[in-house]
Structures are given as C-alpha cells and as structure tokens.
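Engineer: Here the protein sequences come in this chain order: G and E.
Counting from 13, one number per residue, gives the positions in the first sequence under my numbering.
Counting from 38, one number per residue, gives the positions in the second sequence under my numbering.
If you're looking for bench data, these hints aren't it; they were derived computationally from the structure.
Mixed in with the good hints there might be a few duds.
Unchecked claim - Okay, the calculated beta carbon distance ranges per label pair: (1) E:Arg143 with G:Phe604: 51 to 59 Å; (2) E:Gln522 with G:Gln611: 45 to 53 Å; (3) G:Asn626 with E:Val54: 42 to 50 Å; (4) E:Val54 with G:Gly245: 52 to 60 Å; (5) G:His408 with E:Ala489: 49 to 57 Å; (6) E:Leu217 with G:Ser643: 22 to 30 Å; (7) E:Glu87 with G:Gly96: 27 to 35 Å; (8) G:Ile638 with E:Glu87: 50 to 58 Å; (9) G:Arg227 with E:Gln522: 30 to 38 Å; (10) G:Arg231 with E:Val493: 41 to 49 Å; (11) E:Asp390 with G:Ala662: 54 to 62 Å.
Built from N, CA and C at the ideal position, the CB exists for glycine as well.
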Amino acid sequence: MDHPIAVTFIRLIVALPLAGAAINFIAGAWLQKAFGKRAISFLGCGVVIAAFILAVRAFIAMIAIPPENRFMLDDLWKWFDVGGLNLDIAFWLDPLSMVMTLIVTGVGGLIHIYSIGYMHDDDGYWRFFGWLNLFTFAMLVLVLGDNLWLMFVGWEGVGLCSFALIGFWYKVTANTTAGNKAFIVNRIGDLAFVIALYSLFAGLQSIGHATLVTREVARYAPELAGTALNFAGYQSAYPLVGFVTLLMFIGATGKSAQIPLYVWLPDAMAGPTPVSALIHAATMVTAGVYMVARLNFLFSMSPFTMGVIAVAGGLTALFAATIGVAQTDIKKVLAYSTVSQLGYMFAALGVGAYAAGVFHLMTHAFFKACLFLGAGSVIHAMGGEQDMRKMGGLRHKMPVTFVTFMAATLAISGVPPFAGFMSKDEIIWQAISHGHPVVWAMLLIGAGITVFYMFRQVYMTFFGEFRGTHEQEHHVHESPPSMAYVLIALGALSVVGGLVMIPEFIATFKPFEDFLDPVFSSEVTRRITEAGIHSHATEAAFGFVTFTVVVIGWLVADLMYRQQKLNPARFSQMFGGVPYEWVYNKYYVDEFYNRVIIQPYMFATRALAWFDSNIIDGVVNLAARIIVFLSWLSGLFDHYVVDGLVDFSANLTLDVGGRLRRLQTGSINGYLYGILAAVMLILLVRAVVRA
Amino acid sequence: MSHALTLITFVPIAGMVLILALPDSMKNASKWIAVAATIPQLLIAIHLYEYFDTTTSAVQFAEKVSWMPSYHISYFVGVDGISISMILLTALIMFISTFASFGINRAEKGYYAMLLMLDTGMMGVFVSLDFFLFYIFWEVMLLPMYFLIGIWGGPRREYAAIKFFLYTLLGSVLILLAMLGLYYYSATPTFDLTELAANSSHYSIGFQRIVWIALFIGFAIKIPAFPFHTWLPDAHVEAPTAISVILAGVLLKMGTYGILRVNFAVLPAATYQLAWLFLGVIGTINIVYGAMCAMAQTDYKKLIAYSSISHMGYVMLGMAAFTAAGINGAVLQMFNHGTITAMLFILVGVIYDRAHHREINGFGGLAQQMPIYTAITGFAFFAGMGLPGMSAFISEVLVLLGAWQTHPVMVVFGAATAILTAGYLLWTFQRIYLGPLNEKYKDFPDLSFREAFTLVPLGIIVLILGVYPHAILGLLNTSLVHLNQVVLSTSGAAVAMVR
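The following block holds chain G by itself, in its conformation from the complex (with noise of 0.2 Å):
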C-alpha cells in the first residue's frame, strides 16, 4: 500500500465523461440540431463506454501485479495546503475503486445506451446526456478520489446530477420538488459526514499526522485506537474513532437511503426511468456502501457503529420491504425494493462481511438495473402509464421484456444459481455466522416479503389479462433494439454475475472476495471479518432455511396474483384494515416530517422576518425618529430661545434707541441745558458724597 505506482491514465477515465458532458452542455443545442440526436448518442455513450474500455484495460493490467500491490496514483496537482491539510487532486486505483470503477463505466455505460432509444423523442435529448456524463464524472470522482474531501466532492457532485435529473422534466413541480427533496435531505447526511471529517482531521492532527488522504488515514488510523473526543479542550470520554464512524454513516444513511432519510429516493421516481435505474439503483445510492467499505479500517474500530448499521441496515431492509408489498407504481415498488436491498449491504458491513456487502453491491446493480430499465421499457411501451393496476399479460407482446425482467426477478429473490442468491443469501448467512439473530431474522423476513413482491409485480405486470385502455392496448410493443440488447446484457450478468463468489458449502471459488482482499486487510477489520461459525454443514443447513422463506414467498405471492385463489383485499382488511392503510402511506413517515420540522421551520422563518423587519429595523427607524423628533425640539429652543434671545436683545436695542431718539431735539437750547443740569448734579453728588 505504501508504494503506489504511479500512472497517468486514471485521469483519462475521470475526464472523458466530464468532457463529454462538458461539450453537451456547451453545444448540445446546436450539435443536436445541425448533426441531429445521432450525434448526441455518439458522443454520450461514446465517453463512457470509452472510459470503461480503459477501465477493463486498468482491470487486467491489474491481475497481473501481485495482490499486496495493486495500488495504482495519478497525482494532478495541488489542491490546496493550509493549516497542515495539504491536499492534491489525485485518482488512485485499488481493487475497490477498480470493481466500482468497472461498475459505474460498466453498468453506467450500458444505461447510456439504453436511454437513445428511451429518450429519444425528448427535445432535451443534449441536456439529458450532458447531464448523464456529469454524474457518470462526479461518481467516478467520489470512487477515485484519493481524499476524504476529493471523495466528498464526488459525493455532492452524483447529488447536484441526481437532483437535475429528478427535476429534468422541469415543467411538472411535482418533479422539481422530488429534486429539492433529495437534495435537500442528502444535505442533512452531509452535515454529520463533514462533521465527521472535521473530527477525524482534528483527531489525526493531535496525534501528529494531520492528513485527510485516504491510504494516509487507513495507515495512521489505528493509533486513534486510545484517543477520545475533545471539543475545543473539553475532554470527553467518548471514542473518537466511534463518533466519527456514526456520524459517517448518518452521511451514508443520507445518499443510500437509509432509516431515517431514505424519504427522498421514493419520490426520485419523477425522474425519466435510465436515471433511476443509473443513479437510484446501481450507482449513486450505493455511494454509502463504498464509503463504509472503503473506511473499513475505521468502522472496525467501533463495535458501536457496527452494531448501529448492522441493526439500521436489517431494519431498513424489512421496513422497506413491507412498504414495497403495498404499492400500485411500477417505479415505486423498485424503489422501496433499492432501499430494501441496501439495507441487506449495510447489514453486511455491520457485521463485518464488508466483500459480501460489496458483492451485493455489485450483483444489485446487474439486476435492479435489469429491473428498472424492463420497468421503463413497459412504461415505454404503455405511453408513460405506471400504474401495474391498469396492466396484465404483457409477457405475449413484450417476449424480451418479459424474459429479462423475469431473470432479474429470480436473482433478486435469491434463487440459485442467479446473481442474487450468491450475495444475498451470503449476507444472511453472515449475520447469523457473526452471532447477530435479530439482523438475521429481520433479513430473512425481508427475503421472503421481497420475492412476494416482486413476483406480485411479474403477476400484475406480465400475466393475466390486459386492463388498460384499449388505445394503450394497441400501442403496446417490444422496445426497440437499442433498449432490448441492454436488457438481454443485463438480465444476462443477472443469471451468470454472481457466479464469482460462491457460498463456502457449495464450492470453494471467491475470487471476488480474494480480489478485494487488500482492501480489508487492517488488523481490525481481519478480526472482525475471521470470526464467525466455519462449519459447512451449518451454513448448508441455514442456506435451506433461507430457500424454504424465498419458496413461500412466492407461493403465496403466486396463489394471490396467479391463481387468484387468496384475495388480497382479504388481507388488507385484516384488523379493520388500519396496518394496510399504514403501510399503503408509507408509515406516514413524510407527513411526519413535514408536521415536525418543515412546517415549524418555514414558520420560524417567517417569524424571524417578520422579527428582523419590524424589531430590529423597528429600533434602527425608532432611533431615527428619536433623533429626528429632538431636532425638532431643539428647532424649537432654537426658535423660541436662542433665535428669541436674539431677537429680544435686537428689539431691546431698538426699544430703547426709539425711547432715547426722543432726547435728540435738535435745539441747541436744549443741550445746553441739559449740559448745565448735568454739571449741577454731578457738583450736587460730589458735596453729598463729600459730607
């Protein structure tokens, strides 16, 4: 790990997506009309599947080097260096980022190709795969970023493109407020991720290796094995580490819809169908995982955090799933489904089967793409109606529909050999392995009302009779080649995909796993991952166990939806129908929500309004006012005194001058007189005086 090789290619895959979206977003609008949608295609799908073909070329260059070194870095430049956190714009390869790297490429690529033909009569055909290639750019950056923060700067990257896709039928405000929404709670995941990372940086500073950057972090972290919490001096008793890994997966419970912020992903069904099944699907919404996966060394740490994201990734699983039984929306029940099936990858990172996670990861996105892109080619097909109510019987008329959503049925409902019992029946069989029944049984649950939802879906879907419109009836087709061959090449990586890790009772071949071994090759994590039951016969035996609940799910989903033997609306009227109502709306999460924090916050902010204009601008004009009625007043002592004082001394003078003009005779008579008296009296005075 300490000597990456160096390599200048890694940037290659990052950039061409980036320009591809770049030229989109520049001149898309003209290249779209003086080259047609052709050129739009080509250059869209291009840059991806390009970016995958050195992807596959990095992926073999890699086997060839031996395991302990498979680390690849291409260091760009210089990001920034301020108080001790120096970091570069660097991509690194390691076998992780390598098998997420073929993922996005991969699976990304073959959703690009799918979309020409689904979008093809959208006027903003350009935008769409501008925006495509941005999120296929910003994924690939969270995967090969080779710092926390360059990761971070995937990570809100994949949410500012989810959120412009959502929204890319702007028009309808139903879908821009789906965009908000997502955005905006990814924002709340975000907090406590950067928190986090504002701890973990300050906690790796205190003990002298003040660094972000991943392979750094992965080397220093197990000296943060005695530190504790310090806030500003304030020594807590509470681990650093276990802080920081909660506060990360509160972050991972944002992006990958988890308890409690999963409300967003639902509503991200507004978004056109390539875009569910790219980001909400197979990308984005594992971003969680990866990250977990990726920080191994740190959550092995904590058995606290484990605990939490075992416990939150098992209940997610079966919450999500009973909402999934209940809902009429094509879209919505994969949805509810994807936050299912993630919850079955957090539950294995919790107990520690981080590469049965990753492999979930990988098999989820073979066929819950597989799922969304059949789901959008019916949608396709029936002139934009989701509603399964108003379908049936499609399986005639839409064969290669039909087939592949059907294989992905089977793998997600973990039939064997399908790519979904592979990994998911690994991770069941984990969690009881690593002695946690409660996340076990609540996974084992989840897998059976899982296959009966999803086979309700086929049944509704695909068989039966046609009950919708007779116009839609007759518009019904097969989609057309380009989004046909992607569904063959999915459904086909959902039979064969999980074929690279096999359970241990049924044959000894995981070159998955061995694969991905350096990445979860820590001390901490080794332990953690090494425990547990190592008996065959017991897995075999609990692996039944797993088969007889999946069996059962269909059966029931079968006699209720085929034959039509068990009415459902029996069921929901089950005591007085009040548990089908709850799950029908969701639990009444979002109204929740909405009464607790959105409503007092939009009154709290007009309060403060109202505060800041009448209040505070309120003393600002008071004063105002004060100082303009003291002017007055002392315009009034001006007038009244000052200027009176004036004036009185002014009319004094005159007064006086008017009564002394009088003496002003002209007589010279007169003044001698006055004269003569004036020296009589002044002689008068001075005798007085004198006696």
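Chain G is fixed; fit chain E onto it per the hints.
Structural biologist: Frame of chain G, contents of chain E only:
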C-alpha cells in the same frame, strides 16, 4: 512598475475628470471612458498578482511620502497577503460593473463620475497603510455611494440612501474616535499602521478593549453584522444593479478587511479576548439568521441580500477560529463571496430589467423561455450553496474545519446552514425558473451578449478556484499565518495584564 499602487488607485480619478470635462453632446462616451479607466486597473492588478512575493508577510510595492509631518501623517500605501486578494477583487468587480451599468440612461455623466470616484475610494482603502489615509479613502467611498443609490435607485431610493449614509457615518465616527485614540496613546505618535502594529503591546488591555469595540462596531456596520445589518436589504433593493454588485462584491468586505487590518494587527491582545464573542457568536448568528430570513423573502433581490448576510457570517467565524485554516478560509471566502454574489445580483438585474418587478412568486417557468439565463443562474445558485468543485466550497470548508478545533458548536450551526441555504435557493429556483411558463413572459429575450459577458468571467473564476484554490490561497497564506501568530502570541501576555 514603480508607483503601481498609486496608479491603480488614482487612474479612476483621471477617468472621472475626463468624464466631467465632456460636453453634454458627448455624454454617451462617458461609459466608454469608465471602461477605459477600469482596464488599466485590472492590468495593474494582474501585474501585482504576478510579481507578488508569496513567501513573505512583509509589505510589498510600498510607497511612502510624508504628507502632514506635524501630525505624523504620510501617504503610505502597500500590499501584503491581507489586501492583495481584495485589490484583485476590486479591480475585477469594477471592470464587470461598468459593463453592468450600461443600462443606466439618466444623467450618465454624473453616474460614471461617481462610479469612478467610488472605485478610487475602495482601492484606496485596500492599499492604505496609514490609518489617516485609510480613513480618508473610507470617507471618499461614502459620498458617491450615497448619490448612486439616492439618484439612480428605485422608488424608495431616498430612504435607502439616507439610511445607508447615516448608518455608515455612525460607523465612521467610531472609527475616527478609535483612530485618534490610537494616535494619541501610541508609543511614538503615528498613524502608520505597520508601526502601530509593531508597538501594539504598548496599549493597556483596557484601552485596547474599548478601542477594539469602537472599531468593531464601525466595521461591523459595513459587513454587515447582526444587528447592524438592516440597512443592507434596503440599500440593495433600491440600488441599481451595478451598484448592488459593487456593494455586495466589494463594499461588504471593507468591514472584515478593516477588522483584520486594524483590530487584528494593531490590537491583537483584545482580539484574542473578544473575537469569540464579536466574531464567533455574531458571525454564527449572521449565518443562521441570514439564511432563515432569506427563506421568508418574496423579493428576489432582498433574498440575495439576506444570503449575503449569511455568507459574510462565515468570514467572521473563520476569523474567530485563530487557526491557519480558519483565517485563510475567511479571506478566501471574502473573495469568493465577492465573485458569487456579484453574479447573483447581475442575474437579479437581468430579470428585473425585463419584468420590472422582483416578486419571486410572480415568475415561473423561465427556463423554457431563457435557457441560458436559467443555466447560469443554476450555476450561481449552486456556487452559493457551496457545492464542491466550486470556489465557495473550499472557503467554507476551511472556515469550518479551522473553527472546529476552537468553536465546535458554532461550526455545527454553520455547517447545518448549508441545508437551509440549499432550501431557500432551490425553492427560489423552482419558483422562478421551473414549472409551467408564466404566459406574461413568453416573449422575454434570453441573455444579451453584454449580460453574458458580465457573468461568464465570474463563473470561470468560481470554477477555477474550486479546483485550484491555491491560486488565491498561495497569496494569502504567509501573511495570514503570521497575523494569526501575532494574535495567538498575545494570549499569555493578555492574561497577565488582566491579572
């Protein structure tokens, strides 16, 4: 280039004289003279950037001439890491805002003359190293701003202008008193800020605290810090577009710059004691309060004005951190806020010029009619949200990362406001640009070339500083780390003096 700083400061005055000398028949030439005056300024700023020595915290490009020797006043200008980024910002924003002024069609000569006088005042503040000179430029700024709002503003322009004028005048008086206090009680009577800074330990801590608070209030009005901020929304709403751009882009930074240049450098011991309250707590209040008030606004421009208050709070919080990351982040945030808010106010102006109102709920669906305008607005909004990959992300992260070690609770509030910011900006974006097109606006033209020309360079800078913030941080770091050390080094001394 010798006398670079004198040139960069007084070139606009030359332009002003030319404009005033124009006969009325040629008044259309005044805008081009204004443009011609800002171009050399921008070129000199680039020259300074190129030749600025990043390895020293000492003053560079200094010019010192004795001016009023009997009062120890000199014409002393110079640049260091604290001011270099602000000089760049001023030159850039003035260049942009002359183009953004082309819509002015009333008394152009007076307008552009005032604009250039304002330019000199602002540039002068940033280059002055003599407190008296600083104060003179500070006052020179005030008058043209008053007339620019009061004559070329909106319907309530006179109220807004007088409010701005009186409020800032109050601040000026406090700064004047503080300046005289510093002068009379200095070791050797001087207005030289570098000398005052070197002898800062001469002042008793009690004296420092009084002067510090007087200066703080004077500067805080400009930032504007809570609760002295209410002049800002009024001034913005009434000011013409280009004046709002200058006001938010450059003028607000005067406050935080002044605190760094005078409070931090000259009164470090008081800074160490008081910053947590006056910069930390008030800064945090600014951040949260501004964002929440913005959410409730229905006037587009007022909303952006409150977002400015919120974003300037990060600058204050970063300054209160007393860490290298915090103070670097603070000054970088000053720069980034300048470019991003300038964009936002130009964007508001674009729609105001067409619709003649700014009622957020009165728009809708503009994206269909004005796609380029919408795209650039989206870009600027996400820049304002501190989206990673754009400039404000780096500065906000540095501020919060730096402050985390000293003020964790404030950081939690500051970081949580990122959610609130996303809330009001996205909601605004949705109401104005998305949804069905309001029929009233179906013949609005998209951005003109001139409008795009004022926005695109700023956008490019925002992007570049997101992936290569080192371009600015490299300039700041040495001086700011030094300044931070000066403040920190007083901690022991300050405690001793209190006892």
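Engineer: Hint by hint, say whether it matches the structure.
Structural biologist: We went through each hint and held it up to the structure:
1. E:Arg143 with G:Phe604: 51 to 59 Å: The hint (51 to 59 Å, Cβ to Cβ) holds, given that E:Arg143 and G:Phe604 are roughly 55 Å apart.
2. E:Gln522 with G:Gln611: 45 to 53 Å: holds, 49 Å
3. G:Asn626 with E:Val54: 42 to 50 Å: The hint (42 to 50 Å, Cβ to Cβ) holds, given that G:Asn626 and E:Val54 are roughly 46 Å apart.
4. E:Val54 with G:Gly245: 52 to 60 Å: With Cβ atoms ~58 Å apart, the hint holds.
5. G:His408 with E:Ala489: 49 to 57 Å: Holds, since G:His408 and E:Ala489 (Cβ atoms, about 55 Å apart) stay within the stated range.
6. E:Leu217 with G:Ser643: 22 to 30 Å: holds, 26 Å
7. E:Glu87 with G:Gly96: 27 to 35 Å: holds, 28 Å
8. G:Ile638 with E:Glu87: 50 to 58 Å: Check passed, 53 Å falls within 50 to 58 Å.
9. G:Arg227 with E:Gln522: 30 to 38 Å: Taking Cβ atoms as reference, G:Arg227 and E:Gln522 lie about 32 Å apart, which means the hint holds.
10. G:Arg231 with E:Val493: 41 to 49 Å: Given a distance of about 44 Å, which is inside 41 to 49 Å, the answer is holds.
11. E:Asp390 with G:Ala662: 54 to 62 Å: Cβ of E:Asp390 to Cβ of G:Ala662: about 59 Å, so the range 54 to 62 Å holds.
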